[in-house]
Amino acid sequence: MNPSGFVQVKDRLEGWNRPPVIEPDGEGELLEVAMGPHHPSTHGVFRMDVALDGERVIRLKPVFGYLHRNHEKIAESVSYLASMPYTDRLDYMCSLTNNWAYALAVEKLTGQEVPERAEYLRVILGELTRVQNHASSIGFLIQEMGASGTPLMYAFREREKILDLFEALTGSRMMCNYMRFGGCRVDASVAWLDATRKVVAGLPGFVDEMDRLLSSNEILMARCQGVGILRPELAINAGVTGPMLRAAGVNYDVRKVDGYGIYNRFNFRVPLGDHSDVYDRFMIRMLEMRESIGIVAAALKEIPAGPVMDPKAKIRGFRPKPGEAYGRIEAPKGELGFYLISDGGPNPYRYRVRPPSLINLTILEDMCLGQNVADVVLIFGSVDIVLGEVDR
Amino acid sequence: MKTVEEIKAAIEAAVPGAGVEIVRNPSPSGQHSLRLKPSHAAAVARFLRDDAELAFDYLSNVTGVDWPDKEVAEKAKVTRTVTKTVDGVEQPVEETVEETRKRIEPGCLEVVYHLFSVALKHGPLTLRMRTVNRTEQVGLPSLTPIWRSAEFQEREIFDLFGIVFTGHPDLRRLLMWDEFKDHPMRRDYVEPDDFEYEPTAHDAVLARAQAHQATKGDGQ
Chain A
1 MNPSGFVQVK DRLEGWNRPP VIEPDGEGEL LEVAMGPHHP STHGVFRMDV ALDGERVIRL
61 KPVFGYLHRN HEKIAESVSY LASMPYTDRL DYMCSLTNNW AYALAVEKLT GQEVPERAEY
121 LRVILGELTR VQNHASSIGF LIQEMGASGT PLMYAFRERE KILDLFEALT GSRMMCNYMR
181 FGGCRVDASV AWLDATRKVV AGLPGFVDEM DRLLSSNEIL MARCQGVGIL RPELAINAGV
241 TGPMLRAAGV NYDVRKVDGY GIYNRFNFRV PLGDHSDVYD RFMIRMLEMR ESIGIVAAAL
301 KEIPAGPVMD PKAKIRGFRP KPGEAYGRIE APKGELGFYL ISDGGPNPYR YRVRPPSLIN
361 LTILEDMCLG QNVADVVLIF GSVDIVLGEV DR
Chain B
1 MKTVEEIKAA IEAAVPGAGV EIVRNPSPSG QHSLRLKPSH AAAVARFLRD DAELAFDYLS
61 NVTGVDWPDK EVAEKAKVTR TVTKTVDGVE QPVEETVEET RKRIEPGCLE VVYHLFSVAL
121 KHGPLTLRMR TVNRTEQVGL PSLTPIWRSA EFQEREIFDL FGIVFTGHPD LRRLLMWDEF
181 KDHPMRRDYV EPDDFEYEPT AHDAVLARAQ AHQATKGDGQ
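Residue numbers (my numbering), protein chains in the order written: chain A, 1 to 392; chain B, 1 to 220.
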C-alpha cells in the first residue's frame, strides 16, 4: 500500500544517512493520520502526515508553510535597521538572541566594533533568554507528556520574572527590538542591574526545584529514556545544532567554537549527553540553564561603565560596501545564522535567515519511525521549535 | 583553517578538472568563496567532507540568490573620421569621442553553501554554483546525498527561487502550497491581486454567457 501524498524517496541518499525503512507487519491496514495543523502539541500550526501500522509509525512527512510570510523578501525591501524589529517575530520566545544574530551579521558586513558595556549587556540578555527558553521548553515537553499544568506553570512563573526584566529595559516583554548595529539601543540603569542580580540569585533555586520535581520522576524516565534516538554522525550530517546535537554527545557550541562577543572571557562548561534520547535532551537543557545562570552572574559582576553605542556609528540609512557576510550565534534552539549580501545600497540585496528550528526537523522522520504514535508528540517536543522561525 | 587558495589547490589535486574559481569578498568579513562547476560539484563536495585535513562534515546554511539580467553601461573611446571645416576648407579629421554603450548582461540563479567542520571546529567555507540562465536551464546538482541538512533548504530554494536540484530525493515545494506557480523570492516576482483565487462553477457560467454575447454580436 502506498498512501497518497507519500513519495517513496530516500533511495538516492547515501546509505548511512538515509532514514530506516520500517515495514508494516502485514496484518490490518495502514492508517493515515494528519497530526496538525491544529494539534495542541505542534506549538503553533504545523502538520505531520503520519502513516500508522497499529500504534507504530511507518512513515512521517512534516508539512510546513502555514505561518509563511516571506520574511526574507520583506527584509530585502526595507533598510537594514527596519528589519531589526521583524527579527523579533522569527523565534518569538527568544527575540533578543535573534536581534543579536542579525546585529552580529551586519557588524561583520560593515566591520563595526561593539563597546565593552554593550557586549556585557548582550551576554546577560542572551543568557537570560536561554534560561527562559529552556525552562518553558521543558515545561511544554512535560505538558505534552500529560502532566498537565504544574511544571509548565512553574516554568512560566520564572519566565515571567525574566520577561519583566526585559520589559523594564527594552519596553517590551517579548518583542524587545533592543540590539543595534554596533551596540544596544538604551543603557541599563543601576536599578535594573540590581533587579537582575536579585532575579538571577533566585534562579538556581528554581532549577533545583525543577530538578527535584522532574529528573528522577519514574513516569518521566519511563516515557523519555530510549525514545527518539538520534545517532551522532547523522546529527552532524543533518545539520542538527544546539541542545539536540549536544545530547547526542557531540561537543559543538558556537559560543566556544567562534567565541563571538566576549564569550571567551567566561568560564562555562558544555553539557553533553550519552544516549541521545528525549531524556538526554531534557537533561541537557536543565544543565545548560545552570551554566547560563553562572555566565549571567559573572557578567553582572564584571560589567564595566561606559557607552553602549559607538557615538560615531551610523545606524540609520547607512550603505555597507558591496560584499557579503555570514554571522551566527548559539541561539537557545541551535545555530542561528544570518547571511547578507550588500550591493552598496541602503537595503540588503540578499537577506537569509538560517533557522535552527527548521533544520533540526530534518531528522524528525528518522527519530519517529518505528516508535509509538504517542511518542511522536514527545520526540517532536524534544526538538524544541517555534513555528515563527520554521516558516518565516 | 586553510586559506581558500590552499583549499582550491587541494581540491584541484584531488578532483581533476574541478575548475574551482575563487570569488573575492571585499567586505570586512573576509569570507571569500569558491565557485564550483556544477558537473564536478558532487565529487568536490564529497572530497571536502571526507578529506582528513578539511573535514567539512557540517553543512550549515544553503541559500539561493537571484541575479536578474542587468543592463550595463560601458564607456568606450571611439575614434572615427569626421568631415569638418577647418580654415574654410572641408577636410576629414580624426576625432576621439567617448561613447556610452549599453549591453545586457545575462542573469542567473546562484546557490550558496556555508560549510563548517564539527570535527576540527573551523569554518566557514563558502561554496557557490550558478545556473546557466534564469528561464530554462535552472538545474544544479543536489548536495543532499552528501549532507542531509540540505534536504529542506534545497526544497526551500526550489520553492522560492525555482532552482531544480537534480538528484534531490524529495523535491517538492516546502513553504508555498503545491499548486502555487511562481517563485516569490525572485526579484522580478509580482504578487498576484488575489492569492485565494480559484476557478469556480460560477466562472464557467460567466464564460459561457460571454461566449453567447460574443456570438450574438456577430449578427448571427
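Please keep in mind that the hints were generated in silico from the structure rather than gathered at the bench. Just so you know, even glycine gets a beta-carbon here, dropped at the ideal spot from N, CA and C. Do not take every clue at face value.
[Said to hold, decoys possible] Using 25 Å as the maximum straight-line C-alpha spacing, the simulated BS3-like pairs for lysine-lysine come out as follows:
| # | chain 1 | residue 1 | chain 2 | residue 2 |
| --- | --- | --- | --- | --- |
| 1 | A | K73 | B | K70 |
| 2 | B | K77 | A | K256 |
| 3 | A | K321 | B | K70 |
| 4 | B | K121 | A | K321 |
| 5 | A | K256 | B | K121 |
| 6 | A | K61 | B | K75 |
[To be verified] A few chain B residues facing chain A, derived, Cβ under 8 Å:
| # | residue |
| --- | --- |
| 7 | H40 |
| 8 | F47 |
| 9 | A55 |
Comparing the hints with the structure gives:
no.: 1; hint: A:K73 - B:K70; in the structure: 20 Å, holds
no.: 2; hint: B:K77 - A:K256; in the structure: 56 Å, violated
no.: 3; hint: A:K321 - B:K70; in the structure: 20 Å, holds
no.: 4; hint: B:K121 - A:K321; in the structure: 29 Å, violated
no.: 5; hint: A:K256 - B:K121; in the structure: 10 Å, holds
no.: 6; hint: A:K61 - B:K75; in the structure: 56 Å, violated
no.: 7; hint: H40; in the structure: 18 Å, violated
no.: 8; hint: F47; in the structure: 14 Å, violated
no.: 9; hint: A55; in the structure: 10 Å, violated
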